[in-house]
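Peer 1: In the order they appear, the protein sequences are chains U and Y. Heads up: the first sequence begins at 775 in this note's numbering, then just goes up one per residue. Heads up: the second sequence begins at 1358 in this note's numbering, then just goes up one per residue.
Among the hints, erroneous ones may be present.
Derived coverage of chain Y by chain U (criterion: at least 3 residues anywhere in the stretch with Cβ under 8 Å from a Cβ of chain U; other residues may be distant) [what the hints assert, rightly or not]:
hint: 1; segment: 1435 to 1445
hint: 2; segment: 1466 to 1480
hint: 3; segment: 1542 to 1548
Below, in silico cross-link-like pairs of lysine to aspartate or glutamate (DMTMM-like), each with a Cα-Cα straight-line distance of 20 Å or less [stated by the list, open to error]:
hint: 4; chain 1: Y; residue 1: LYS1572; chain 2: Y; residue 2: GLU1377
hint: 5; chain 1: U; residue 1: LYS1049; chain 2: Y; residue 2: ASP1444
hint: 6; chain 1: Y; residue 1: LYS1473; chain 2: Y; residue 2: GLU1513
hint: 7; chain 1: Y; residue 1: LYS1572; chain 2: Y; residue 2: ASP1444
hint: 8; chain 1: Y; residue 1: LYS1407; chain 2: U; residue 2: GLU946
hint: 9; chain 1: Y; residue 1: LYS1572; chain 2: Y; residue 2: GLU1390
hint: 10; chain 1: Y; residue 1: LYS1407; chain 2: U; residue 2: GLU947
hint: 11; chain 1: Y; residue 1: LYS1572; chain 2: Y; residue 2: ASP1562
hint: 12; chain 1: Y; residue 1: LYS1407; chain 2: Y; residue 2: GLU1377
Everything labelled a hint here was simulated from the structure, so no lab data went into it. Note that the Cβ used here is the ideal one computed from N, Cα and C, for glycine as well.
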Amino acid sequence: MIEFIQALRDPDIAFLRYAMAAGLLAGIAFGIIGSFVVVKRISYLAGSIAHCVLGGIGAALYLQQVYGLTWADPILGALFAALSAALIIGVVSMYAREREDTVISALWVLGMAAGILLIAKTPGYTDPMSYLFGNILMISSADVWIILILDTVIIVISMLFYNRLQAVCFDEEFARLRGLNTRMLYLLLLGLTALTIVLLIRIVGIIMVVALLSLPAAIAGQFCGRLWQMMIAAAVISMLCIAAGLCLSYSLDLPGGATIVMVTGCIYLAGFSVKALRR
Amino acid sequence: MMPQPVISFNNVCFAYDQTEILHNVSFNLFEHESVCIVGPNGGGKTTLIKLILGLHHPASGSIRVLGGMPHANSRRIGYMPQSTHFDPSFPISVLNIVLMGRLGRRPGSFYSRSDKAAALQALAQTGLVDLAARPFASLSGGQRQRVLIARALACEPELLLLDEPTAHVDPAMEQQVNDTLARLAHRLTVITVTHELGFVSRMVDRVLCVNRTVKLHPTSEITGEIIQEIYGSDLKMVRHDHQCSQQGHTHD
């Protein structure tokens, strides 16, 4: 613990500070959007969006290497893939009356497969592992700024649309009868979810990002009576889990993303058991 | 001169895929009428409601609601869906649910002071002001049902449409819900879907019997034979707490 705090102040290991700052800032977005995802029960959709991101990352790397498009940063590719996946999944879940889950699963694996193929065909060696499981060594000060900007966007939009998004999550049909454009609001929610997923892929990776999106909100949901309280509590829980996970992973020399997810999962299970035993 | 009907169905047919749910339905309902929709499960009660709300569109025939197309006027209807429709653990206060009835009235992101006043008034009408700050999850079935009625009232509707308001409520609470509805029926057009026939005769002017076709009866006409016709011949009737409507009631 003391070692970790010293390491955070060490000018030679700046990546740890960046990882800590990125993790804490992303916790805000995770708390807000995670709460929407949990109450609207769309964590499966979020999982599908997350996996499609690999396709975008692969495409960006390929364009950079093969066509020399230097602006095609992997995070741009990730953003583009996540937003397109959100749009496709949103439209499918609105209009497909049956077998919605099949289409979502298909997108889930196709996005992933496209990413692996594109990365394999990109000259030079890129390790997909760092995208799949996160790699805190890759976080730069630019990432921290991007997360800060996306955080601001998410906070502002969530505040402006709070009442309407809450109504859509609670009772979409009633919201529609009040004249709200529930389809646009649903797509907005999926879009915000996509943005949030892109935020933390650097830290916990594509495969585990859904854990950090849904578990802190699920823990908060066990004791919160209001959606906004759930959001604040979930944000604080995310931050604590990320900080504790990073500290543990540094002290014990463990992979950062997996340690963060393990800490979060254990707290969730412990909370769940305490609640079950009380009954 | 005849008053304008509030709801008017003219030879309406509706089908899900190939299965016809409603066949040649025609009826008129008028202002300040209390109407009950009864019929067996799968007979088309909920479909009828969704047609009135403009959530479904008829395959043929025409529907007028409050003088216009159903979907154009859905904002003027206070709708209460069945309470099984909700996630009981959703973290939300009673007041915030009722405030949803105020959505879509004006642009802007936040509820105004008058929205809050209207929501509190709707809670007062259903006897729930003291529970305004409570989480929805902590309420009993009857209280939840009344919260949803309050939300429908917060829309300041001209027409109240209630889908099974007493379906999952224990008998003691059912009385509370029914008393609330009886008070509202004095000043609003109230349409209620129910499976309880006792409820029908106590406070309703006319009964709409739905089983693929629709028949409209004044409550005074409801007899054992009509009930058998709607529900099939196996039905055994146990009547208790039976009160007749003002128009009287005949038994054959």
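Peer 1: Now tell me if each hint is right for this structure.
Peer 2: Tested hints:
1. 1435 to 1445: Holds, because 5 residues of the segment 1435 to 1445 of chain Y bring their Cβ atoms closer than 8 Å to Cβ atoms of chain U.
2. 1466 to 1480: holds (count 3)
3. 1542 to 1548: violated (count 0)
4. Y:LYS1572 / Y:GLU1377: Judged against 20 Å, a Cα distance of about 17 Å means the pair holds.
5. U:LYS1049 / Y:ASP1444: The hint holds at about 19 Å.
6. Y:LYS1473 / Y:GLU1513: holds (13 Å)
7. Y:LYS1572 / Y:ASP1444: Violated - the C-alpha atoms of Y:ASP1444 and Y:LYS1572 are around 35 Å apart, more than 20 Å.
8. Y:LYS1407 / U:GLU946: holds (14 Å)
9. Y:LYS1572 / Y:GLU1390: Cα-Cα ~16 Å, so holds.
10. Y:LYS1407 / U:GLU947: Holds, at roughly 10 Å.
11. Y:LYS1572 / Y:ASP1562: holds (14 Å)
12. Y:LYS1407 / Y:GLU1377: holds (15 Å)
This entry does not satisfy hints 3, 7, going by the numbered hints stated previously.
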